Amino acid sequence: MASGTEAAFIEIEGLTKRFGSFTAVDHVSFTVAKGEVLGFLGPNGAGKSTTMRMLAGFMAPTAGTARIRGHDVQDDSLAARRVLGFLPEGAPTYPEMTVLGFLRFVGEVRGFAGGELADRVEHAIGLTTLAGVRLQPVETLSKGFKRRVGLAQALLHDPPVLVLDEPTDGLDPNQKHEVRTLIARMAPEKAIVISTHILEEVEAVCTRAIVIAAGRLVADATPAELTRRHPSGKLDDVFRELTRSAAPGTEAQAA
Amino acid sequence: MRTTLVIARRELGAYFATPVAIVFIVIFLVLQGALTFNLGNFFARGQADLLPFFNFLPWVFLLLIPAITMRLWAEERRSGTIEMLLTLPVSQGQAVVGKFLAAWAFCAIALLLTFPFVLTVNILGRPDNGVIASGYLGALLVAGSFLAVGSAISALTRNQVIAFVLSVAVCFLFAAASYPLVTDFLNQNVPQLAAIARRVGVIDRFQDFARGLIAARDLVYFASFIGFWLFLNTVIVDLKKAS
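If you read the protein sequences in the order shown, they are chains A and B. Going by my numbering, the first sequence runs without a break in its numbering and finishes at 255. Going by my numbering, the second sequence runs without a break in its numbering and finishes at 1243.
Everything labelled a hint here was simulated from the structure, so no lab data went into it. In this text the structure is predicted, and so the values were computed from the model without any measurement. For every residue, glycine included, the Cβ atom is placed at its ideal position computed from N, Cα and C. Warning: the hint list may mix true and false statements.
30 Å max Cα-Cα, derived DSS-like pairs, lysine-lysine [claimed, not checked]:
1) A/K190 with A/K234
2) A/K234 with B/K1240
3) B/K1240 with A/K176
4) A/K190 with A/K146
5) A/K190 with A/K176
To give an idea of the chain B side of the interface with chain A (calculated C-beta under 7 Å), a few residues [claimed, not checked]:
6) T1018
7) P1019
8) S1079
9) M1084
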């Protein structure tokens, strides 16, 4: 699992979130080391986004802790957020801003200025191939471009930890391939968590996969190990078996 | 501080990137003009001052300022951008103050554009421009107070209409608290509350400024009023951001 020589970049211990009587995330624990790309799988409403929100320090857990490079996301929140690149669910951005304006804003908030700010923004635009739309307001862009603006925002400060909630949702097959290539290229230097519904994506880019169902962690293995769990050797079948047996009673998910 | 200003600048830019700024400023100027010149008997009074202008100003603010603040946090929560903003290395306090400063600067711009009123009285007579300046300072403080209230209420809901209506209601409460209508009623029924009502009233304090009186206690009042609501705003954002 972890490389052992170095402390894990992401450490989650007993993370739990309850909304009233509904338990969205139930004692989830895992670590992600540098060089790992962790695929975070589960049916809708299983608690993927809630876990990621807690990891990004946006939502306070009911119990348990999460640390990013040793910084507790609750007690040492700003330090944790400085080393984190986070793509929230749906890649929200300010619709009236241009791509360039929005990325410059994020860069300035992250403390960059002058030439370095311009370089960082250009680099992020290059990585996510947004050069053609840099002066367009975000609201005029298609879903795939919006997603890449969100991705550029998360990559801008070259963070050691990336948490991406459905980074390829809404992209066409070519764009999906580009984003996967980008993730694979960055992987050796970073700890990356991506949530996805697309199982082929897990086999394509992830070094490890975690499956959660009804808030509980039901599998933590390499994609190859997971596929061996079903006679058909297909990840789809493994996924269905794992998540169906956990029988999620409610599909409610925190908005 | 730098982060706060970065956020404030982005917010202020957003007003002007949409028709919000133009619509607000035009309606504000038309309303102020119509009220001052027609209802306020600006010319017939035969006095070179801006009292009619300042008398109507808080009521125009009462109606229009909640229209600025209703989107501040409600929109941010509805569209999900709050999740992006508050997972950047930004404290909630910085975000709250940044948004407030942007809205306040915007109100200051709208107030600056009322300069033709000042020119008019200076052409027609010889007004005390010190009193006018003090009136403008008071106006800015009233705007800040209503903005702080509206911003806090906007964080309570993701529905802009609810934010608007509630903000108008709460601002009205503080605006009218010192009026005889309210204090007389309270005197007869709950005398203890009447004294409090007279103290928290915004318009009473503003009228001192409009007459050219800048008292330290009024400045302290406005500073604590704005500070209190911004603090409340931060608490509400923290409680409601992820719900």
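Now the hints, each set against the structure:
1. A/K190 with A/K234: holds, 28 Å
2. A/K234 with B/K1240: Given that 30 Å is the threshold and the Cα spacing comes to 42 Å, the pair is violated.
3. B/K1240 with A/K176: violated, 34 Å
4. A/K190 with A/K146: Holds - the C-alpha atoms of A/K146 and A/K190 are around 24 Å apart, at most 30 Å.
5. A/K190 with A/K176: Holds. A/K190 to A/K176 sits at ~20 Å (cutoff 30 Å).
6. T1018: Because about 6 Å separates B/T1018 from the closest Cβ in chain A, which is inside the 7 Å limit, the hint holds.
7. P1019: violated, 11 Å
8. S1079: holds, 6 Å
9. M1084: holds, 5 Å
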